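Listed in order, the protein sequences are those of chains P and V. What the first sequence shows, in the numbering used here, is residues 25 to 133, in sequence order. What the second sequence shows, in the numbering used here, is residues 3 to 113, in sequence order.
Source of the hints: derived by calculation from the structure; they are not laboratory data. What you are looking at is a predicted structure, and each value in this text was computed from that prediction instead of being measured. Possibly wrong hints are sitting among the right ones.
[Claimed, not checked] Below, computed lysine-lysine pairings styled on DSSO-like, alpha-carbon distance capped at 27 Å:
1. P:95 with V:71
2. V:71 with V:58
3. V:72 with V:100
4. P:81 with V:58
5. P:81 with V:72
6. V:72 with V:58
7. P:95 with P:38
8. V:71 with V:28
9. V:100 with V:28
10. V:28 with P:95
11. P:38 with P:81
12. V:58 with V:100
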Amino acid sequence: DTGVSQNPRHKITKRGQNVTFRCDPISEHNRLYWYRQTLGQGPEFLTYFQNEAQLEKSRLLSDRFSAERPKGSFSTLEIQRTEQGDSAMYLCASSAEAFFGQGTRLTVV
Amino acid sequence: SQQGEEDPQALSIQEGENATMNCSYKTSINNLQWYRQNSGRGLVHLILIRSNEREKHSGRLRVTLDTSKKSSSLLITASRAADTASYFCATVTSGTYKYIFGTGTRLKVLA
């Protein structure tokens with residue numbers, strides 16, 4: 025499968041716990057994006073990388089959120105001290121025409 | 003923040019009819035893309051139109067772009083029940099590489 029891969033597909037966590045999601049982009053793509061989507065809304069931009077450099081972060085990305093792309097390949101998105109408001113679908117995409125993965129659905133209970 | 007606004011928010015049609023969705027945006031763009039999303043799934047890229055293009059076709063899809071009006075439309079001809087999904091436009095603002103999505107049109111095609 026040469027598409028964008030996200031793991032896990034679903035995550036249920038207790039409030040206050042930390043969670044980490046992984047995204048494996050299409051191998052030759054150098055730009056990688058993270059989005060968050062809540063029910064009935066369009067995806068909201070969180071951040072994007074050009075190779076390993078994080079070029080832009082949304083104000084939505086509070087200090088509890090951190091994203092990395094250490095070798096310019098896969099990326100991780102970590103949420104610390106999760107809150108119920110973090111429950112959403114987290115989508116990863118890679119360029120040039122942004123191809124999206126299936127997302128990770130996070131439920132914070 | 004969301005740049006695009008799709009219109010209508012919801013659309014219900016009979017199989018075989020055409021469906022037209024519109025997207026308006028606010029800033030100068032490099033390109034505009036349309037995506038489809040089935041319930042609870044990821045986004046599927048449908049078509050990209052660059053700012054210097056006015057119309058593109060892909061199968062039963064036709065996309066137009068009017069940069070003077072900052073608007074785009076997606077036409078699905080001869081709709082099928084399998085076209086039932088949410089459709090989003092996403093723009094890339096000039097000078098950036100980030101995609102900003104609209105609020106989506108929920109299309110329901112009745113068999």
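Tested hints:
1. P:95 with V:71: With Cα atoms ~42 Å apart, residue 95 of chain P and residue 71 of chain V exceed 27 Å; violated.
2. V:71 with V:58: 18 Å, holds
3. V:72 with V:100: Holds, because 18 Å separates the two Cα atoms, which is no more than 27 Å.
4. P:81 with V:58: 32 Å, violated
5. P:81 with V:72: 25 Å, holds
6. V:72 with V:58: 16 Å, holds
7. P:95 with P:38: Distance of about 31 Å is beyond 27 Å: violated.
8. V:71 with V:28: Between residue 71 of chain V and residue 28 of chain V the Cα gap is close to 9 Å, so the pair holds against 27 Å.
9. V:100 with V:28: This hinted pair holds, its Cα atoms lying about 15 Å apart.
10. V:28 with P:95: 35 Å, violated
11. P:38 with P:81: Holds, because 26 Å separates the two Cα atoms, which is no more than 27 Å.
12. V:58 with V:100: Measuring from Cα to Cα gives roughly 22 Å; hence the hint holds.
Hint check: violations occur at hints 1, 4, 7 and 10; the rest are consistent with the structure.
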